[in-house]
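Sequence order for the protein chains is A and B.
The first sequence runs contiguously to residue 273 in the working numbering.
The second sequence runs contiguously to residue 555 in the working numbering.
It should be emphasised that the hints constitute simulated quantities derived from the structure, not laboratory data.
Think of the CB as a built atom: it goes at the ideal place given N, C-alpha and C, for glycine as much as any other residue.
Take these hints with a grain of salt, some might be off.
What the hints assert, rightly or not - Here are some, though not all, of the chain A residues that point toward chain B, as calculated from beta-carbon distances under 7 angstroms:
1. A71
2. L116
3. T124
4. A128
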Amino acid sequence: MNLLEIANLHVSVGDRPILRGIDLEVPSGEMHVIMGPNGSGKSTLVQTLAGSEAYTVQQGQVRFAGENLLGLKPEERAHRGLFLAFQYPVEIPGLGNALFLRTIVNAVRKTRGLPEWDALDFLSRSRAELEQMGMKPELLERAVNQGFSGGEKKRNEILQLRLLEPRLALLDETDSGLDIDALRTVAQGIESMRDAHRSFLLVTHYQRLLDHLRPDRIHVLANGQIVQSGDADLARMLEKRGYDWLLQEQRA
Amino acid sequence: MSTESQNLESLIQRNYTAGFVTDIEQETFPPGLDETMIQRLSAIKQEPDFMKEWRLAAFRGWQRMKEPHWSIARYDPIDYQGFSYYSSPKSRSSVGSLEDIDPKLLETYEKLGIPLHERAALAGVAVDAVFDSVSVATTFRETLAKAGVVFCPISEAIRNYPELVRAYLGSVVPPGDNFFAALNSAVFTDGSFVYVPKGVRCPLELSTYFRINAAKTGQFERTLIIADEGATVSYLEGCTAPMRDENQLHAAVVELVALKDAEIRYATVQNWYPGNERGEGGIYNFVTKRGECRGDRSHISWVQVETGSAITWKYPSCVLRGDDSVGEFYSIAVARNYQQADTGTKMIHLGRRTRSTILSKGISAGHGHNAYRGLVRMGSTAQTAHNYTQCDSLLIGSAARADTFPVIEVENASARAEHEATTSKISADQLFYCRQRGLTEEEATGLIVNGFCRDVLLKLPLEFAVEAQKLLSVTLEGAVG
Numbered sequence: 022m023n024l025l026e027i028a029n030l031h032v033s034v035g036d037r038p039i040l041r042g043i044d045l046e047v048p049s050g051e052m053h054v055i056m057g058p059n060g061s062g063k064s065t066l067v068q069t070l071a072g073s074e075a076y077t078v079q080q081g082q083v084r085f086a087g088e089n090l091l092g093l094k095p096e097e098r099a100h101r102g103l104f105l106a107f108q109y110p111v112e113i114p115g116l117g118n119a120l121f122l123r124t125i126v127n128a129v130r131k132t133r134g135l136p137e138w139d140a141l142d143f144l145s146r147s148r149a150e151l152e153q154m155g156m157k158p159e160l161l162e163r164a165v166n167q168g169f170s171g172g173e174k175k176r177n178e179i180l181q182l183r184l185l186e187p188r189l190a191l192l193d194e195t196d197s198g199l200d201i202d203a204l205r206t207v208a209q210g211i212e213s214m215r216d217a218h219r220s221f222l223l224v225t226h227y228q229r230l231l232d233h234l235r236p237d238r239i240h241v242l243a244n245g246q247i248v249q250s251g252d253a254d255l256a257r258m259l260e261k262r263g264y265d266w267l268l269q270e271q272r273a
Numbered sequence: 075m076s077t078e079s080q081n082l083e084s085l086i087q088r089n090y091t092a093g094f095v096t097d098i099e100q101e102t103f104p105p106g107l108d109e110t111m112i113q114r115l116s117a118i119k120q121e122p123d124f125m126k127e128w129r130l131a132a133f134r135g136w137q138r139m140k141e142p143h144w145s146i147a148r149y150d151p152i153d154y155q156g157f158s159y160y161s162s163p164k165s166r167s168s169v170g171s172l173e174d175i176d177p178k179l180l181e182t183y184e185k186l187g188i189p190l191h192e193r194a195a196l197a198g199v200a201v202d203a204v205f206d207s208v209s210v211a212t213t214f215r216e217t218l219a220k221a222g223v224v225f226c227p228i229s230e231a232i233r234n235y236p237e238l239v240r241a242y243l244g245s246v247v248p249p250g251d252n253f254f255a256a257l258n259s260a261v262f263t264d265g266s267f268v269y270v271p272k273g274v275r276c277p278l279e280l281s282t283y284f285r286i287n288a289a290k291t292g293q294f295e296r297t298l299i300i301a302d303e304g305a306t307v308s309y310l311e312g313c314t315a316p317m318r319d320e321n322q323l324h325a326a327v328v329e330l331v332a333l334k335d336a337e338i339r340y341a342t343v344q345n346w347y348p349g350n351e352r353g354e355g356g357i358y359n360f361v362t363k364r365g366e367c368r369g370d371r372s373h374i375s376w377v378q379v380e381t382g383s384a385i386t387w388k389y390p391s392c393v394l395r396g397d398d399s400v401g402e403f404y405s406i407a408v409a410r411n412y413q414q415a416d417t418g419t420k421m422i423h424l425g426r427r428t429r430s431t432i433l434s435k436g437i438s439a440g441h442g443h444n445a446y447r448g449l450v451r452m453g454s455t456a457q458t459a460h461n462y463t464q465c466d467s468l469l470i471g472s473a474a475r476a477d478t479f480p481v482i483e484v485e486n487a488s489a490r491a492e493h494e495a496t497t498s499k500i501s502a503d504q505l506f507y508c509r510q511r512g513l514t515e516e517e518a519t520g521l522i523v524n525g526f527c528r529d530v531l532l533k534l535p536l537e538f539a540v541e542a543q544k545l546l547s548v549t550l551e552g553a554v555g
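Start from the sequences, fold in the hints, and give me the full structure.
Structure (structure tokens):
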């Protein structure tokens with residue numbers, strides 16, 4: 022069964038068209054990867070799926086678990102199990118990370134009919150996850166993302182992914198700005214979340230994250246359209262040869 | 075960005091839950107302010123002569139003064155002859171006996187969440203309930219009397235403890251201190267009086283609940299708290315008023331006196347009617363609050379959560395006269411719709427090694443305008459005195475405004491004053507981030523605001539911190555687009 026179905030999706034920023042007819046299906050349990058040159062619309066795609074008001078859907082349909090996704094508010098999409106790990110996680114001065122995490126976990130658990138976590142549940146669960154992600158415990162005490170290094174911010178995103186347990190995780194360049202050790206920790210954090218009911222859509226420029234994961238499909242986005250899809254070998258080929266040969270092939 | 079601000083406009087709606095009117099027969103003076111009215115007021119209150127003369131002298135001084143306009147607030151001239159200066163529920167009998175109190179009044183306070191029956195009351199809190207111009211009930215008086223603590227309406231204190239009143243009233247805020255203090259001294263009607271004797275730790279949290287009910291009435295309460303040597307007291311005031319189209323005037327004076335080794339903690343949750351979303355109606359809150367750390371090692375702490383009033387003009391201050399005395403000011407002020415809040419503090423360091431802390435959090439939403447105005451003065455005698463000031467402003471939406479006017483005067487080279495200030499804005503990106511994690515816009519705003527205010531909320535008495543947090547959330551409901 023397809024968890025996510027995108028049909029003929031056109032999206033613009035202001036008057037500028039970015040996505041020009043995307044068709045994409047992600048079955049339950051699969052990991053798909055979006056690659057492509059800068060400015061091809063990769064971030065636009067995941068931001069639109071998450072419901073950012075900066076983007077306008079001009080036409081097309083998106084179904085998530087059979088439901089019309091585009092009719093839902095961002096928080097409703099989150100309640101139904103859609104998660105976006107941001108490329109640039111925002112800082113929220115004054116708001117403690119622990120309070121923030123507990124609040125979002127309970128907001129989502131409530132809508133799923135699950136019991137809310139009290140302070141003790143949260144503490145024991147988050148400590149374990151923090152260790153898994155190789156994060157310092159004091160990051161819970163600091164304000165959300167404030168003064169976090171680039172790597173800490175990305176780990177904090179995956180920490181939230183692990184606490185929220187979504188059905189679909191959109192990861193927007195989660196690997197950028199990570200050193201080799203951090204990359205491995207983050208990849209393990211993602212990989213161990215995979216199961217038959219959870220799907221992933223990754224945006225990345227590099228093969229190196231994919232070395233740690235086992236993606237099912239690779240899609241190449243160029244000029245707002247998916248120009249090529251293939252298995253994991255496609256990513257390795259792109260790593261070696263870049264995008265030009267593919268784009269030239271398209272034009273031919 | 076334009077859609078953001080449009081959403082903002084349409085979303086700025088809120089229910090002011092304390093906005094109902096109590097239908098009760100009241101005895102109200104006709105509008106007008108002159109010496110005859112003041113004499114009549116003094117007679118009704120059966121005041122001793124010294125009090126009447128004190129009022130008249132204040133009134134004569136007031137007539138020579140000019141309404142101050144240096145704050146950020148903009149408003150039409152106030153017609154002082156247009157207000158009534160006394161309004162009292164008619165059915166009221168002797169103060170303090172709950173059995174005789176009009177059930178409608180009990181119901182009013184019940185609705186506001188302030189049960190006056192002692193069995194239903196908040197544990198550990200004694201309440202003085204002031205309805206328009208008079209105190210209608212004071213709870214737990216016997217418990218307090220056993221400890222030697224006097225907690226009663228000030229009009230009663232004037233009759234029963236004239237020596238204490240004479241010695242302390244106006245000793246911190248003299249009648250001629252400023253325009254509104256002079257007006258209050260002439261016409262003040264009721265308020266609370268607290269005296270905690272030497273070495274006594276007040277066994278209960280004291281609190282006064284002010285309610286303006288009658289239309290076109292000014293409320294001029296006067297509160298005087300004296301903590302004798304080594305005494306400790308914690309006091310909280312709350313304020314609400316019905317929704318009315320015209321502006322109402324509230325000009326209070328609060329004086330605190332802390333003698334040697336005494337400690338006074340004074341907290342305010344001010345939720346006067348702020349006016350509607352077009353800026354019509356609401357309370358003009360022109361208040362003078364000042365505490366004097368008169369003895370060595372004394373300690374005065376002001377905590378305020380200001381969410382109401384159309385205009386707030388208020389600077390709870392500390393005069394640190396005793397050596398090693400400590401003054402604190404912790405403030406959260408919210409201005410939304412067309413509210414204007416000009417608030418802050420003065421810390422006057424006179425004694426040696428005196429210390430003060432100022433922590434101010436201003437939140438502006440809609441067309442709200444918030445200003446922090448502060449003065450830290452290190453007098454020539456304030457050897458190695460120290461002040462730390464932090465002023466943080468949070469802006470919600472693009473039409474909101476925040477200003478900071480800190481003044482530091484140092485006359486003693488060994489004294490130190492530190493000042494830090496930040497301004498931040500709740501951005502569309504922050505909101506989207508929170509919403510992507512499953513929070514509604516309002517939950518996200520409430521969470522960010524509570525995070526922003528946390529340091530100050532922690533300073534509130536525990537029982538009220540939760541209430542204040544809820545009040546902040548309700549106040550800012552729909553304030554973000």
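Structure-based check of all given hints:
For A71 (chain A), the suggested interface contact is upheld, since its CB lies about 5 angstroms from the closest CB of chain B, less than 7 angstroms. At a threshold of 7 angstroms, the smallest CB-CB gap from L116 (chain A) to chain B is about 3 angstroms, leaving the interface hint in force. The interface hint given for T124 (chain A) holds, since its Cβ lies 6 angstroms from the closest Cβ of chain B, which is under the 7 angstroms cut-off. Taking 7 angstroms as the C-beta cut-off, the interface hint given for A128 (chain A) holds, the closest approach to chain B being about 4 angstroms.
No hint from the list above goes unmet by this structure.
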